[in-house]
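Work out the full structure: start from the sequences and follow the hints.
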Amino acid sequence: MTQIEKQYIDLYNAHHGLIEKPCAALLNEARQKAFPLFEALGFPVKSNEDYKYTQVQDYFAPDYGLNLNRLPIPVNPYEVFRCDVPNLSTVLYFMVNDSFYQKESVKPVLPEGVIAGSLNEIAQSHPELISKYYNQIANNEKDGSVAFNTTFVQDGFVLYVPKNVIVERPIQLVNILRGDVDFMVNRRLLIILEDGAQAKLLICDHTMDKVNFLATQVAEIFVGDNAVFDYYELEENSTNTTRVASTYVSQGKNSNTLINGITLHNGKTRNNIHVTLSGEYAEANVIGMAIADQEQHVDNHTYIDHAVPNCHSNELYKYVLNDSATGVFAGRILVRKDAQKTTAFQSNKNICATREAKMYTKPQLEIYADDVKCSHGATVGQLDENALFYLRSRGISAPEARMLLMFAFTHDVIENIRLESLKDRLKHLVEKRFRGELSKCSGCSVCQ
Amino acid sequence: MLEIKNLHANINGKEILRGLNLTVRPGEVHAIMGPNGAGKSTLSSVLAGNPVFDVTEGSVNFYGKDLLALSPEDRSREGLFLSFQYPVEIPGVSMVNFMRAAINEHRKYKGLDPISATDFLKLMREKRDVVELDNKLANRSVNEGFSGGEKKRNEIFQMAMLEPRLSILDETDSGLDIDALRIVSNGVNKLKSADNATIVITHYQRLLDYIKPDFVHVLYKGQIVKSAGPELALELEEKGYDWIKKELGE
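Chains L and R are the protein sequences, given in the same order.
Each residue of the first sequence is one higher than the last, beginning at 1 in the working numbering.
Each residue of the second sequence is one higher than the last, beginning at 1001 in the working numbering.
Hints are not guaranteed to be accurate.
[Claimed, not checked] Simulated pairs of lysine-lysine, DSSO-like, Cα-Cα distance not exceeding 30 Å:
1. R:K1108 x L:K432
2. R:K1122 x L:K432
3. R:K1151 x L:K427
4. R:K1108 x L:K349
5. L:K427 x R:K1108
[Unchecked claim] Here are some of the chain R residues that sit facing chain L, going by a computed Cβ distance under 8 Å:
6. F1053
7. E1073
8. H1106
[Stated by the list, open to error] Beyond 12 Å from chain R on every Cβ pair, some chain L residues (computed):
9. H15
10. N76
11. Y78
12. G117
13. V181
14. V308
15. H312
16. R394
FYI, nobody ran anything at the bench for these hints, they're computed from the structure.
Ideal Cβ placement from N, Cα and C applies to all residues, glycine included.
Right, here's the structure in full:
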């Protein structure tokens, strides 16, 4: 344990009553179990192989403000926020820092039985439902940043879709970071799709202010037998924002998921994605992309656990790195001994557009079954000089030609999106990003 | 329009062009023939501005401008067009976006506003017909999954879109079956006018049955060693290059 951990341990010891006071009992029970785990584990450091290129511990060193008193943040997201993904006709929710924003302007219409809203509230109104799932697959025992989140989290977002209910309209959750001083937020997501349920959730991360932010997030996603779930996370945070997120997905028999993570703009980002295929014939599509420049850092760590036979996973990650940006991708696929007839494909392709940009990629397949089809591939390269000359020979300027090629490089990631309107919107955003027109958060009133 | 004087060019320190001279005037069609390794494709690449080649000596004047001082994109905007021997596949860049970007950059260079969506689509349709290019191909990524013949037709389609003053066709006939050869040649002939010129680089006389040259040049060891009328192509087809080598005293 270092001074960095100590400041949080002292904070918890001095103020855990304050943290617990507004919170549901089951959040506090989990908190009490997680705190000693955090004390023992500390924050992840580079000597841990899984964090070799991202010293998460350092991210927690600065002195951040926390809203343990749950004071209302003076902002009306409906007024100030103009989303980058409009016209999706989504059912829209907001989190302002780590508080679910309650004052909905229009009451969203969802199919009967579907529950969406504040984790803290729903944990109190539906304790029997939430206790079955909350903190069940988040790995507090292994990762100190997860135990930290469980220790300090006070609210978050819940989506519950009962058996065989299909939510047609995409649900959108916009995370807004707002603060006058350097600020830390600890968010939690709990998503439950019962057997046969279907839903699409789009999460957009935005920063409103110029101060430093540190956001931790733990998501637990339960996808029942025959359920279909699309999960999109689109990060457009400021360069002063650090994000440490862990997503745990558990899939039942014959279920199908798309876990899509796009880092369009950020400061420092670490995403852990852990998918367990625990029912036969389940399919997971884990797709991601990062566009980074300046000193930005994007680290995606994925782990797909083929625990049972006949499952399929498909993984595709692409990075475009400019300036002195750093990208990290680690893709671990575990095929357990009895998981015969597994098919698992992984691809990670990267462009380092400058000499200073760095990419670290590590495919990692562990296969204990003998009748499987698995493949992986990783490339790091530059833009194709022949293609560049071809475009220029038609009168297209060198910067425009580079832009076209970088945009083309991201094409297959975008094509994997299963929400047409988001696909179109993303093409536009990615193009804007490459043109340097998205160098600040475009969704925020303060930046406009 | 084009005046090449004493052009020398290297790739990786190896001299390929060794003092090449050529003059092309509006309305003319020039054929450049020659054995493998003579420098035919190097000439087209150097004229188009491929940065892989270093020009070490000589000058190229294009409509009063120093062509060698221009970037590849400015050469295109000035009206030079190269039909590539091996057109590049660019997955993810749609033909439509590619052509719109090219057209608009050409327009910007001339001080014109970007083309309207309606006019652009109309232009695409019109020019597609020149080389009987399938609408489906125009909606795909640039050259991706195109057959050899489709790629070459796509080159001529781009030529039709950009309306160059000088077109260089680098072995446009290679990999074409007889029907595709006819379509491509017809396309080139339809685009011909008294104001533009064409340089046809080819190994075979066959293409010259369709695209009639005014002049035929033999490129050998980085120089033009013989120039004559269209009859020279027939003679080369019949006799090969050995007699020229003999004439040169080799």
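Status of the hints after comparison with the structure:
{"no.": "1", "hint": "R:K1108 x L:K432", "in the structure": "21 Å, holds"}
{"no.": "2", "hint": "R:K1122 x L:K432", "in the structure": "27 Å, holds"}
{"no.": "3", "hint": "R:K1151 x L:K427", "in the structure": "27 Å, holds"}
{"no.": "4", "hint": "R:K1108 x L:K349", "in the structure": "35 Å, violated"}
{"no.": "5", "hint": "L:K427 x R:K1108", "in the structure": "24 Å, holds"}
{"no.": "6", "hint": "F1053", "in the structure": "11 Å, violated"}
{"no.": "7", "hint": "E1073", "in the structure": "5 Å, holds"}
{"no.": "8", "hint": "H1106", "in the structure": "5 Å, holds"}
{"no.": "9", "hint": "H15", "in the structure": "52 Å, holds"}
{"no.": "10", "hint": "N76", "in the structure": "38 Å, holds"}
{"no.": "11", "hint": "Y78", "in the structure": "34 Å, holds"}
{"no.": "12", "hint": "G117", "in the structure": "40 Å, holds"}
{"no.": "13", "hint": "V181", "in the structure": "43 Å, holds"}
{"no.": "14", "hint": "V308", "in the structure": "35 Å, holds"}
{"no.": "15", "hint": "H312", "in the structure": "24 Å, holds"}
{"no.": "16", "hint": "R394", "in the structure": "4 Å, violated"}
Of the numbered hints listed earlier, those contradicted by the structure are 4, 6 and 16.
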